[in-house]
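*Asks:* This is what each chain is made of:
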Amino acid sequence: MSMGLVSYGVFFLSVVLILGIVALGLNLQWGYTGLFNAGIAGFYAIGAYTHSIITTPPRADLIANMGLPWVVGIAGAMAVTALAAWIIGLATIRLRGDYLAISTFGIAVTIQLVTLNFEALTGGSQGFTGIPRPLYGMFGSPFAFNLFYFALLLAVVALVYWGLERILRSPWGRVLKAVREDETAAIALGKSAISFRLQSFVIGSTLMGLAGALYVSFIGFVSPFDFLPIVTFQIWAMVIVGGSGNNKGALLGALTVWLIWASSGVAITKLVPPAHAAQGGAIQVILIGLMLVLALLFRPRGLIGEETMVSRHADER
Amino acid sequence: MLGQAIADGILTGAIIALGAIGVSFGLQILRFANFAHSELVTWGAYLALVFVTFAGPGTPTGPLSFGWQLIAAMVFAGVLTGVLAWVVDILVFRRLRNSDAHPLSMVFAAFGVALVMRHVVVLIWGHGSYFYTRELQIALEVLPGIRMLPDQIFILGLTFVVVAAMHLYLTYSRTGMAMRAMAESPSLARVCGVQVESVVRWTWFISGGLAAMAGVFLGLTPQLHPEMGFNLLLALFAAAILGGAGSLIGAVVGGLLVGLAENLSVLFISPGYKTAMPFLVLLLVLFFRPQGLFGEKEGSR
Amino acid sequence: MSPPLLVARDIVAGYVPGLPIVKGVSADVARGEIVTIIGPNGAGKSTFLKALAGLVPVTSGEVRLGDAVVTGKDTHRLIAAGLAFVPQTGNVFTTLTIHENLTVGGHTIGPALRRRLDAAYEMFPALAAKRGQKARVLSGGQRQMLAIARALMTEPSVIMLDEPTAGLAPRVVGEVFADLRRLAQTDVAVLMVEQNAKAALRISDRGYVLADGENRFSGAASDLLADPAVAEAFLGSRRAGVAGSEAGRTH
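Residue numbers (the working numbering), protein chains in the order written: chain A, 1 to 317; chain B, 1 to 301; chain C, 1 to 251.
Accuracy of the hints is not assured; some may be wrong.
Only part of the chain B face toward chain C is listed, based on derived beta-carbon distances under 7 Å [unchecked claim]: (1) L136; (2) S185; (3) P186; (4) V194; (5) Q195.
These stretches of chain A come out as covered by chain B in the derived footprint (C-beta under 8 Å, 3 or more residues) [stated by the list, open to error]: (6) 8-18; (7) 26-38; (8) 272-286.
Taking CB as the label site, the calculated pair distances span [what the hints assert, rightly or not]: (9) G4(A) - V83(B): 47 to 57 Å; (10) G42(C) - G265(A): 51 to 61 Å; (11) S170(A) - Q133(C): 52 to 62 Å; (12) L95(A) - G126(B): 31 to 41 Å.
None of these hints come from the bench; they were simulated from the model. Just so it is clear, the structure is predicted and the values come from calculations on it, not from any experiment. Using N, Cα and C, we set each Cβ at its ideal position, and we do this for glycine too.
Looking at chain A on its own, in the form it has when it is part of the complex (with noise of 0.2 Å):
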């Protein structure tokens, strides 16, 4: 196997990884509570940014960057996360289901809108570089610091897997399976049922916030372009794809759906003409499209299906 091959490798799993904590964080959401969310892409960017702001040194065109270390710009993602998270939540998690999917679209919208044209804060549609990599000064090359962004990669998902397991075991995951499978036990819970979902939109929505994070210390650089829309469906198409309800599931999902956009990516690099880029472009979205739909027409449980006993239908009437 070539070397870059193996490059290329590192670099696709450390993406795959990290795209695999904002599905850990859409499961328990939707998988574990059943909230809908369709502003993945926003708060994974708030996070993105909050974290380049916070670490990437001073410039003279933008106004808030600090300079301070890796660390404090991920805590600081996560808080700035959770806190949007907690705000939009507060608002909307009372409401009919659809009718949070909408609010949370619209966050991503809006934080798409401030990324480009509040250019002072966020570098406009450019973007901005110099965020820093943690560490990268120890390493000789590239390849030796993706190797390792890829051991610390792998811990964090390890560590968020467990985290998420053992809350989800503990009264506190219970509840909150009670509350998304039982309307009478949600009610017969009233505020508290409320409280419940609300603290899952905002510890799922900072998993969001913290993959954001890690993602720009990885590439070194943030750009609006790396949070449209479309990362949203991709998320939901690997919960789906993988089987909402199971954090196996989740991983699983993140691997499959990324394997396939990004080869379907290189297969129509490869055969359509440099001319018809936009077509490309447009049959590699479609397959995410129909990936989600087929998934939720012939195959509701995924691919490893929910981790649980309670049937689905007891609430049914």
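Chain A is fixed; fit chains B and C onto it per the hints.
*Replies:* Okay, now just chains B and C, sitting in the frame of chain A:
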């Protein structure tokens, strides 16, 4: 300045209203947030483009930039878009509706359908912009300091006529009444002998037809591009929810208010943020009056 | 007495496959007859009616309406075949006017609509006075009246009612029962489920007692009222609808 912003707001609002009616029906009669509705707007515009490509936009009639051909194109697009909406229902939404899937999986599917529909447009027509007509028009001063293009005045007039006709249809026709009945209670409507699938079919036809009309109007002022509907998505939902899900008058009033909010915002904030205004409106409505201006309080659901 | 018009045999029905709520119930009703189904909460009475109306899937058993087997038919076909159903809750469209409620009730009848509207207003003058108003302004008794009038728009041969007197003041209960008696006089078959068991049986010709999704007792209404076993378990002196634990004889 203010007067012009209001006039522009009313025009945008009229177009939003036509799209929002379908979203509103979707929320209340079909009982899900159809995020693919904006793509019906886009498809309507492009289907009319197909007609115009063959028949031409017609010789400008009076002060308008087009002739009868564009009206015919709009009818053609309206019918086909209605059928398209119904076909998508048969292929995707009906299957999910009749399965024991989570109700929100319809919303997921709608996003998937939207992705496919939008990018099929890119596949066929590319990313570039198209125009129905390149006739130049001279704006008329309709009121002191307020200028509108003749085409825009035409759009307002036709929207008013169509909305009034829809109102009469919903109020007095047998199907219209069944649609309102189903909006309140599908199970009681069934007991009355209403065939649910038939009402669903009519709802799609009407929603699709009105969406196509909105699309043609958007394309006329001034161009078509693959994201024309998608960019309107939040405005459609804001208008439908502000008006109250299921209410025709609500969707129209909601559309006008959202259009006004968008255009008046330009007086205070950078135009780059104009498209965030519908979202702001939406958040305020959801926070203070989630049932909307004309909506009934949400029942058990 | 004429042969039964609506016949249900060994109906098994429920919302979820494999979890039947109605586990083999039989009942019938003839023209001009009022038949009441009583039983404790959770006995499957409501589900049984909904199954007959095509609103809940029937997994086995047979429903006959007149000479035709109508098991598993769509609700709108059953309505067209002469069945009518008044649900217990949400039985009027509150956002529609009274006139519109009745018109939707006559959704399937075509040109006969005018005549049927006039007939409905003649039978329920109180509704005629308020025809242009939204149904949400009606009192509980008037709503029930509207619900029944709406169901009658199709000139059904069988009308099924799910707890038509639930939540009504005692005087209004009497009015509703009187309306049903008048209806039976016009040769309509009336099949209802009632919690108000004693009062309902007093105006009924026959009755069925269900428990746990199965038939427990059946017979002439007067016999059921007089039967000590039924009285003790199902017409309880405290209030109707308290579950009896001991099984009685089945018919």
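*Asks:* Please go over all the hints and tell whether each is borne out by the structure.
*Replies:* Okay, the hints, checked on the actual structure:
no.	hint	in the structure
1	L136	48 Å, violated
2	S185	5 Å, holds
3	P186	10 Å, violated
4	V194	5 Å, holds
5	Q195	5 Å, holds
6	8-18	violated (count 0)
7	26-38	holds (count 3)
8	272-286	holds (count 7)
9	G4(A) - V83(B): 47 to 57 Å	51 Å, holds
10	G42(C) - G265(A): 51 to 61 Å	57 Å, holds
11	S170(A) - Q133(C): 52 to 62 Å	54 Å, holds
12	L95(A) - G126(B): 31 to 41 Å	39 Å, holds
Violated hints for the displayed structure, listed by number in ascending order: 1, 3 and 6.
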